[in-house]
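Novice: One letter stands for each residue in the lines below.
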Amino acid sequence: MPLEAPLAPVIERVADLNARYKHHSATAVLEHALADPMVGSIAMVSSFGAESVALLHMLSVMDRSTPVLFLDTEMLFEETLIYQREVADKLGLHNVRVIRPDRDQMFARDNSGNLHRSDPDACCVLRKTEPLQKALDGFDGWITGRKRFQGKNRTTLEFFEDEDGKRIKVNPLVHWTPQDVSDYITNNRLPRHPLVAGGYPSIGCAPCTSRVAPGEDARAGRWRGAEKEECGIHFVNGKMVRGNETEVSDANVVVSDDGFGGDDWTGGFAPLSEPQTADVGLDLPSDTMPENLSGQLDDVTLIRVDFPSFADGRGFTIARQLRLMGYKGRLRARGHVIADQYAMARRSGFDEVEISADLAARQPQDQWRARANWQTHDYQSRLRGVI
Amino acid sequence: MYNYDSFDVEFIRERCAQFRAQVERRIDGSLTEDEFKPLRLMNGLYLQLHAYMLRVTIPYGTLNSGKMRQLAMIADKWDKGYGHFTTRQNIQYNWPELRDVPDMLDALAEVDMHAIQSSGNTVRNVTADHFAGAAADEIEDPRPVAELLRQWSTDHPEFQFLPRKFKIAVTGSPNDRAVTRAHDIGLLMATRDGEPGFEVIVGGGLGRTPMVGQTLCEFLPKADLLPYVEAIVSAYNLLGRRDNKYKARIKITLHETGLDELREVVDERFAAIRATYTGADQLRLREIEQQFAPPALSTKAIEPFETAKRYDPIFRAWSDTNLAEHFNPDYAIVTVSLKKHGETPGDASSDQMRLLADLAEKYGHDELRISHEQNVILPHVHKGDLPVVHAALKKLGLATANVGLISDIIACPGMDYCALATARSIPVAQQIATRFDQLKLEHEIGPLKIKISGCINACGHHHVGHIGILGLDRAGVENYQITLGGDGTEDTVIGTRAGPGFAYDAIVPAIERLIMAYLEIRADAQETFLQTYRRLGADPFKAALYPTQDKADAA
Ligand code: HEM
Ligand code: SF4
Ligand code: SF4
Chain A
1 MPLEAPLAPV
11 IERVADLNAR
21 YKHHSATAVL
31 EHALADPMVG
41 SIAMVSSFGA
51 ESVALLHMLS
61 VMDRSTPVLF
71 LDTEMLFEET
81 LIYQREVADK
91 LGLHNVRVIR
101 PDRDQMFARD
111 NSGNLHRSDP
121 DACCVLRKTE
131 PLQKALDGFD
141 GWITGRKRFQ
151 GKNRTTLEFF
161 EDEDGKRIKV
171 NPLVHWTPQD
181 VSDYITNNRL
191 PRHPLVAGGY
201 PSIGCAPCTS
211 RVAPGEDARA
221 GRWRGAEKEE
231 CGIHFVNGKM
241 VRGNETEVSD
251 ANVVVSDDGF
261 GGDDWTGGFA
271 PLSEPQTADV
281 GLDLPSDTMP
291 ENLSGQLDDV
301 TLIRVDFPSF
311 ADGRGFTIAR
321 QLRLMGYKGR
331 LRARGHVIAD
341 QYAMARRSGF
351 DEVEISADLA
361 ARQPQDQWRA
371 RANWQTHDYQ
381 SRLRGVI
Chain B
1 MYNYDSFDVE
11 FIRERCAQFR
21 AQVERRIDGS
31 LTEDEFKPLR
41 LMNGLYLQLH
51 AYMLRVTIPY
61 GTLNSGKMRQ
71 LAMIADKWDK
81 GYGHFTTRQN
91 IQYNWPELRD
101 VPDMLDALAE
111 VDMHAIQSSG
121 NTVRNVTADH
131 FAGAAADEIE
141 DPRPVAELLR
151 QWSTDHPEFQ
161 FLPRKFKIAV
171 TGSPNDRAVT
181 RAHDIGLLMA
191 TRDGEPGFEV
201 IVGGGLGRTP
211 MVGQTLCEFL
221 PKADLLPYVE
231 AIVSAYNLLG
241 RRDNKYKARI
251 KITLHETGLD
261 ELREVVDERF
271 AAIRATYTGA
281 DQLRLREIEQ
291 QFAPPALSTK
301 AIEPFETAKR
311 YDPIFRAWSD
321 TNLAEHFNPD
331 YAIVTVSLKK
341 HGETPGDASS
351 DQMRLLADLA
361 EKYGHDELRI
371 SHEQNVILPH
381 VHKGDLPVVH
391 AALKKLGLAT
401 ANVGLISDII
411 ACPGMDYCAL
421 ATARSIPVAQ
431 QIATRFDQLK
441 LEHEIGPLKI
451 KISGCINACG
461 HHHVGHIGIL
471 GLDRAGVENY
481 QITLGGDGTE
491 DTVIGTRAGP
501 GFAYDAIVPA
511 IERLIMAYLE
521 IRADAQETFL
531 QTYRRLGADP
541 FKAALYPTQD
551 KADAA
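In order, the protein sequences belong to chains A and B.
Just so we're aligned: the first sequence equals residues 1 to 387 in the numbering used here.
Just so we're aligned: the second sequence equals residues 1 to 555 in the numbering used here.
It is worth saying that the hints were derived from the structure and are not from the lab.
Predicted, not measured: the structure shown is a model, and the values here were computed from it.
Glycine residues also receive a C-beta, built at the ideal position from the N, C-alpha and C atoms.
It cannot be assumed that every hint is accurate.
[Stated by the list, open to error] Beta-carbon label-pair distances, calculated as ranges:
| id | chain 1 | residue 1 | chain 2 | residue 2 | range |
| --- | --- | --- | --- | --- | --- |
| 1 | B | A51 | A | M289 | 52 to 58 Å |
| 2 | A | K90 | B | D106 | 56 to 62 Å |
| 3 | A | S356 | B | E268 | 50 to 56 Å |
| 4 | A | D137 | B | A475 | 31 to 37 Å |
| 5 | B | G342 | A | H23 | 44 to 50 Å |
| 6 | A | G262 | B | T32 | 21 to 27 Å |
| 7 | B | G476 | A | G262 | 29 to 35 Å |
[To be verified] Straight line, CA to CA, 16 Å or less: simulated EDC-like cross-link-like pairs of lysine to aspartate or glutamate:
| id | chain 1 | residue 1 | chain 2 | residue 2 |
| --- | --- | --- | --- | --- |
| 8 | B | K542 | B | E520 |
| 9 | A | K166 | B | D330 |
| 10 | A | K134 | B | D34 |
| 11 | A | K90 | A | D63 |
| 12 | B | K37 | A | D312 |
| 13 | A | K134 | A | D183 |
| 14 | A | K166 | B | E195 |
| 15 | B | K245 | A | D164 |
| 16 | A | K134 | B | E33 |
| 17 | B | K245 | A | E12 |
| 18 | A | K166 | B | E512 |
| 19 | B | K394 | B | D366 |
| 20 | B | K222 | B | E195 |
| 21 | B | K222 | B | D193 |
| 22 | B | K300 | B | D330 |
| 23 | B | K395 | B | D366 |
| 24 | B | K245 | A | D63 |
| 25 | B | K167 | B | D193 |
| 26 | B | K247 | A | D63 |
| 27 | B | K395 | B | D351 |
| 28 | B | K165 | A | D164 |
| 29 | A | K328 | A | D287 |
[To be verified] With the Cβ distance kept under 10 Å, some of the chain B side facing chain A (calculated, not the full set):
| id | residue |
| --- | --- |
| 30 | T215 |
| 31 | C217 |
| 32 | F219 |
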């Protein structure tokens with residue numbers, strides 16, 4: 001019976017795959033990554049940088065139609081753009097997709113093109129992470145050319161990695177040394193990136209890449225002078241390296257039975273660890289056990305319960321428990337709550353829901369108002385004799 | 001039979017309209033696939049690689065002829081003319097188109113049915129003893145309570161996004177036919193000092209970590225049911241793990257938190273929640289109970305039954321296996337086997353469904369049940385009508401006399417349909433059934449439950465089969481592990497692994513050796529396989545399964 005057949009969680013598949021392919025070569029890992037149902041649909045992500053051609057060649061031998069995502073940050077060297085077309089032609093890769101940052105976002109966030117100076121993390125998020133994440137949507141995994149020798153965060157890389165439970169990242173070349181790459185390129189007579197000869201062993205965006213002196217770490221030329229090591233496409237300990245997140249929350253929308261409104265609460269919010277006053281809202285994380293709050297809520301006038309994901313329904317029970325404990329103040333759900341959950345939130349005891357501007361744009365007011373009738377057709381009220 | 005009142009009707013109508021809108025919003029992009037998924041699952045709609053599957057709940061397994069005919073109509077109109085009855089008292093349609101699903105839900109609503117909460121991380125369809133209201137051994141009909149729970153759990157605002165799915169089963173009989181100890185909550189109806197109530201079991205489950213439920217409350221007064229169940233699910237919603245879906249069921253929460261601590265949290269919540277129930281639920285229950293009043297049974301001669309039994313060996317064989325004791329000795333409970341030798345267990349064509357509807361209407365006080373063993377039941381048939389019923393069933397291949405026997409196998413879809421499968425299960429079931437039919441040993445062997453799963457998710461309940469078969473993948477080759485001595489009744493036992501697994505072409509011969517050994521060593525023809533196993537232990541069976549190894553040991 002064709003039931004829902006989700007693949008096992010990424011973390012388990014990754015462990016499984018790593019165990020299975022432990023002693024395999026780069027080519028075997030790549031070959032399996034392209035075919036193994038445990039990996040799913042897959043794309044290669046390539047910078048067409050100094051070493052990229054080795055892996056691209058390997059791929060072209062196995063399956064030329066594999067999607068290859070090339071991220072044009074619009075800060076690349078002219079040489080890279082030319083080299084990209086040359087390599088794709090020569091290897092017959094006919095499914096190269098050029099990914100570019102979103103026009104409107106660029107306009108809003110880096111109009112001057114100087115963000116890389118003031119905040120390289122934010123720049124990478126805008127020009128790399130976001131476009132790439134969008135491009136990778138719909139793929140179950142992606143192939144990268146990262147190698148252990150490349151730097152501090154990469155020394156423990158495995159063939160298969162769990163990207164935050166979302167996707168599998170495949171690194172067929174993890175065990176390769178610079179010599180291996182160089183040998184492979186020479187033996188297969190592959191074209192080199194023109195800048196390598198000019199002293200750039202690792203090539204990224206023009207403003208953030210500098211020459212490396214002989215003897216220096218190859219990636220030392222990337223973001224020289226900054227503490228930055230990873231561009232934000234990749235993840236450190238499963239967390240994406242990204243910019244300041246709270247910036248957008250000013251634009252959050254507060255939904256009530258009347259529809260969308262701005263936030264009339266001006267006192268700000270503080271976690272439980274800080275002293276509670278009536279002027280400051282209390283922020284509760286989704287793993288709160290309400291029992292532990294008894295006696296601490298007397299002075300609180302607004303509680304905001306976090307919904308990290310709409311699939312995490314703990315907040316509903318937290319709200320209900322707070323009400324049962326006698327909390328009568330304002331109660332707000334905040335985060336990823338969708339319009340279809342509005343009635344659930346209200347019935348559980350929330351007064352309102354705070355959502356991001358993005359979500360409000362995607363699910364406009366009408367979709368929330370459709371459930372403003374949350375008091376009707378409610379089995380709970382019926383069984384409790386409320387109606 | 002519960003008939004919707006105006007509240008239920010309006011609720012379902014609104015819900016169908018909501019789902020129709022959700023489908024549109026998915027198509028226009030307001031909902032991401034991620035966000036749409038739990039919403040469609042909440043309405044019973046699964047998506048596999050290329051096809052949708054709609055799973056329709058049959059609350060506590062009870063149907064009437066009108067509902068059954070509508071299920072047949074849906075199978076004809078939107079599917080390929082058949083439906084698949086599952087072990088959870090659901091029916092699944094395998095080939096609907098997304099755009100048709102809102103219409104299918106409307107068609108279900110016309111006969112007081114729905115697909116709500118047949119999947120997703122929420123409280124699922126409440127299951128009950130399939131002989132409820134008819135069995136001779138029943139203390140009380142569990143279905144009114146199951147219906148009350150259905151209403152309580154439907155659209156429960158707190159519990160639509162639990163850590164994992166949540167299954168409740170109720171039985172009103174000391175002979176547990178609802179496998180209550182293998183559910184997240186099992187309710188055993190009981191009385192104490194004349195007062196009705198329940199023993200409450202939590203944390204049972206099969207799947208990859210099979211566990212037998214434990215008693216959370218020895219005796220819960222009937223009126224406390226909803227607040228107590230609510231307290232359990234509320235505690236689970238916060239304590240249950242969300243980091244690993246294989247550790248998210250309440251059985252793991254129970255295991256990690258401990259029974260006493262879980263009870264403490266539940267009791268504390270119960271105290272607060274109890275006060276919000278002021279008795280309206282009990283009035284509701286009273287109203288529901290009236291709708292489950294026993295049918296007006298007739299008194300007439302049972303001679304035709306005796307005669308047919310005497311002169312028709314085929315009828316006799318069928319009546320020996322497929323009838324169960326009714327509370328009225330002139331009546332019988334008929335189990336119609338959906339396990340014809342060589343067919344897919346649980347499948348029924350629309351013609352078969354219509355025939356069953358006709359028979360129920362004419363001879364069965366308009367009642368039908370779906371059992372968790374994937375058979376259909378006519379719970380109230382007068383014995384005098386049995387020969388006619390049997391003859392009618394025979395015409396459409398529904399008179400297989402194998403209920404409770406070796407070929408009455410529960411098998412999950414396995415590799416033939418299921419993307420998670422590591423091995424085939426339906427062909428194994430078909431081959432076992434065909435083999436023992438050839439050997440003409442089925443009736444000689446007597447009661448025996450074989451259950452087959454195609455992977456460790458254990459949809460085929462292999463853990464509680466007298467003989468369980470689990471299909472695995474060993475380095476790309478199918479390999480079948482045998483477990484022995486499992487039991488899904490009131491004394492739930494998880495079967496024990498017999499030893500190394502068998503290849504695909506060796507599994508049926510292995511089962512045959514096992515059965516031959518049983519026939520040889522049983523005390524007498526009355527001693528069942530399970531009894532023999534309990535008396536003698538696993539050794540003689542292992543010796544039969546692994547003969548060469550045994551010789552090697554002896555040498
Ligand atoms: C065809 C594809 C199917 C898939 C992919 C599937 C998937 C699963 C999974 C992953 C579980 C484990 C859930 C957990 O432990 O949390 C499960 C459990 C279960 N499935 Fe299925 N299933 C399928 C078909 C069926 C069918 C046809 C039936 C009924 C005949 C069924 C009945 C069950 C039951 C009763 C359980 C519960 C075991 C328990 O809760 O302990 N499944 N299924
Ligand atoms: S590498 Fe530099 S220019 Fe390129 S996106 Fe990152 S910060 Fe901006
Ligand atoms: S037991 Fe495994 S193979 Fe069988 S239906 Fe369930 S998930 Fe599929």
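Novice: Run every hint past the structure and note whether it holds.
Specialist: Hints versus structure:
With their beta carbons about 42 Å apart, A51(B) and M289(A) fall outside the hinted range of 52 to 58 Å. Hint check: K90(A) to D106(B), Cβ distance near 59 Å, so the stated range 56 to 62 Å holds. Take S356(A) and E268(B): their Cβ atoms lie about 35 Å apart, and the range 50 to 56 Å is violated. Range check, D137(A) to A475(B): about 34 Å between beta-carbon atoms, so the 31 to 37 Å window is met.
For the pair G342(B) and H23(A), the beta carbons lie near 45 Å from each other, so the given range of 44 to 50 Å is met. One distance hint, 21 to 27 Å for the beta-carbon pair G262(A) and T32(B), holds here, with the actual separation near 25 Å. Distance hint check: the CB atoms of G476(B) and G262(A) are about 60 Å apart, inconsistent with the given range 29 to 35 Å. For the suggested pair K542(B) and E520(B), the alpha carbons sit about 14 Å apart, so the restraint of at most 16 Å is met.
Our distance criterion of 16 Å between C-alpha atoms is broken by K166(A) and D330(B), whose separation comes to about 61 Å. Of the supplied pair hints, the one linking K134(A) and D34(B) holds, its CA atoms being roughly 14 Å apart against a limit of 16 Å. The hinted pair formed by K90(A) and D63(A) meets the criterion: a straight-line CA distance of about 14 Å does not exceed 16 Å. Straight-line distance between C-alpha atoms of K37(B) and D312(A) comes to about 14 Å, which keeps the hinted pair within the 16 Å bound.
Of the pairs offered as hints, the one joining K134(A) and D183(A) is violated, with about 35 Å between alpha carbons and a cut-off of 16 Å exceeded. The hinted pair formed by K166(A) and E195(B) fails the criterion: a straight-line CA distance of about 53 Å is larger than 16 Å. For the suggested pair K245(B) and D164(A), the alpha carbons sit about 15 Å apart, so the restraint of at most 16 Å is met. Our distance criterion of 16 Å between C-alpha atoms is met by K134(A) and E33(B), whose separation comes to about 14 Å.
As the CA atoms of K245(B) and E12(A) are separated by approximately 11 Å, the hinted pair is consistent with the 16 Å bound. Our distance criterion of 16 Å between C-alpha atoms is broken by K166(A) and E512(B), whose separation comes to about 46 Å. Of the pairs offered as hints, the one joining K394(B) and D366(B) is violated, with about 20 Å between alpha carbons and a cut-off of 16 Å exceeded. Proximity of K222(B) to E195(B) is assessed by CA-CA distance (about 8 Å); at most 16 Å being required, the pair is judged to hold.
A hinted pair counts as satisfied when its Cα atoms are at most 16 Å apart, and K222(B) with D193(B) qualifies at roughly 13 Å. Proximity of K300(B) to D330(B) is assessed by CA-CA distance (about 8 Å); at most 16 Å being required, the pair is judged to hold. At roughly 21 Å between alpha-carbon atoms, K395(B) and D366(B) are farther apart than 16 Å, so this suggested pair is violated. This hinted pair does not check out: K245(B) and D63(A) have alpha carbons roughly 34 Å apart, beyond 16 Å.
Annotation: proposed proximity of K167(B) to D193(B) is violated, straight-line Cα distance about 29 Å (limit 16 Å). Taking the CA atoms of K247(B) and D63(A), the gap is near 38 Å; set against the 16 Å cutoff, the hint is violated. Proposed proximity of K395(B) and D351(B) is supported: the alpha carbons are some 11 Å apart, at most 16 Å. The straight-line distance between the Cα atoms of K165(B) and D164(A) is roughly 23 Å, outside the 16 Å bound, and the hint therefore fails.
Note on K328(A) and D287(A): the hinted pairing is violated, with a Cα-Cα distance of about 21 Å set against a maximum of 16 Å. Using the Cβ-Cβ criterion of 10 Å, the hint placing T215(B) at the interface with chain A is not satisfied: the shortest such distance is roughly 24 Å. Given the 10 Å rule on beta carbons, the hint for C217(B) is violated: about 20 Å separates it from the nearest Cβ of chain A. With a least beta-carbon distance of about 22 Å to chain A, the hint placing F219(B) at the interface is violated under the 10 Å criterion.
When the structure is compared with the earlier hints, violations turn up for hints 1, 3, 7, 9, 13, 14, 18, 19, 23, 24, 25, 26, 28, 29, 30, 31 and 32 and for no others.
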